[in-house]
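Heads up: the protein sequence lines correspond to chains Y and Z, in order.
Here the working numbering is used: position 165 in the first sequence is 165, and no number is missing along the way.
Here the working numbering is used: position 54 in the second sequence is 54, and no number is missing along the way.
Keep in mind that the hints were calculated from the coordinates and are not lab data.
Fair warning: this is a prediction, and the values are worked out from it, not measured in the lab.
From the three backbone atoms N, C-alpha and C, an ideal C-beta is built for every residue, glycine too.
Incorrect hints may have been included.
Partial pick of chain Y residues on the chain Z-facing surface, computed with a CB cut under 7 Å [said to hold, decoys possible]:
| id | residue |
| --- | --- |
| 1 | Met35 |
| 2 | Gly39 |
| 3 | Ala59 |
| 4 | Val193 |
Covered stretches of chain Z, going by a simulated chain Y footprint (3 or more residues, C-beta under 8 Å) [as the list claims (entries may be wrong)]:
| id | region |
| --- | --- |
| 5 | 10–18 |
| 6 | 50–62 |
What follows is each chain in one-letter form.
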Amino acid sequence: MICTVFLLMLCITGLPLIFHDEIDRLSGETTQFGMPGIGSSSNAPGLLPLDDMMARALAARPGEVPLFMAFDNAQPSMTITTGPRPDAPGSQMTIQLFDRSTGKALGQEADGEGVMHFLLQLHTDMFLGLPGMLFLGAMGVLFTVALTSGVVLYAPFMRRLVFGTLRTSRSLRLKWLDYHNLLGIVALAWMTVVGITGVINTLEDPINKLWRSRELAAMTREYAGKGALPPARYGSLDKAMAEARKALPGNNPQFIGFPGGRFSSSHHYAVFFQGDTPLTERLLTPALIDAETGTFTAARAMPWYNKSLSLSRPLHFGDYGGLPLKILWAILDLFTILILVTGLYLWIGKRRASPAAHVREVETGGVVAPAG
Amino acid sequence: MSTRPPKRQGLGSIFAVPLVISVLSSLALVAALTGDGWRDVISWAGLAAPVMAVGWAMRVRRS
């Protein structure tokens, strides 16, 4: 039952995170773009060359090397991440935001600041890194076990009751018991999906490592013996992007991973393309381009484990169907909080009753409460 | 409708409504993933089912 406490923490920190975008937008001023509505991921005329954008980013961070370049489908905004070394950890990275239609810098994304960031960190790993993440993943597994046992108990409990029964005037315990059962059974599908996708999200690091060691290694086999490509010899990004687009025509890039980073080999620009339909938009296909010569090396769709990770993110955070979906997400999250609180109350209330008394309570639909 | 059925119910009648709600909300979760526009509206309707069921029970089935 300790796990209830952690699950409550997850539900409560998760609540504001649902409205992450809206809260961020409220606190920041709205930006005026040079070409509003043109995605920076497209190759529309008028968008500045990628090499030009990279030069601006590096001019602002002298001595640093490029790590990531990420694009937007809805606006010409884009981010460029730099750091002191190609394999710099997240804490040393600087993310700059640009308007690709004007070349203007829109600001720096300060990493590791703000309430929302604090909540996200607490929600993801409780500031404990990978062990914290896997621990919360284990809590998620226990959550699905608890859901299953709840469904198993629901059947004998409801045998003499109709769906939706709420006996609020007899005893406090009976009232909370009925609420616990009703909320639990109606939110069951949603809780199962959010629970399981949450567990998959905690496996992000192992999944990405697996992709690197299996898929990426196989795609860049002929480069295995070569040393890392020094940043001074990185070639044109625009040429690389043109080659990548030729290999995967009709698709737009989501981001570029630079050599030596977590998402590329030590010798390639990895251009991650989105699928061309809304369903496949989240399923990425990397095209590896030799960063020195700009020639195409390989492209291969992500394996099933990365695909399930990509689909788990929206299904966990609920940020994929507009504001009404987020509001429903928040209500169901509140339901889950109530289920956890009532569950805790019911458990604490009759902890010392005999197992037989508990069985009687379930079988009579709560009419016979166990004697404390 | 009374809050107490005359006799013991089978699994089918116990889980009939919960099953419908679960199917609706699962379809809702997938619908918004497959695209925008009307698919989003379907997902709002489907995921509203569990919330409305609770509202209905609080009005009709409270005793």
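Taking the hints in turn, this is what the structure says about them:
{"no.": "1", "hint": "Met35", "verdict": "22 Å, violated"}
{"no.": "2", "hint": "Gly39", "verdict": "15 Å, violated"}
{"no.": "3", "hint": "Ala59", "verdict": "38 Å, violated"}
{"no.": "4", "hint": "Val193", "verdict": "6 Å, holds"}
{"no.": "5", "hint": "10–18", "verdict": "holds (count 6)"}
{"no.": "6", "hint": "50–62", "verdict": "holds (count 10)"}
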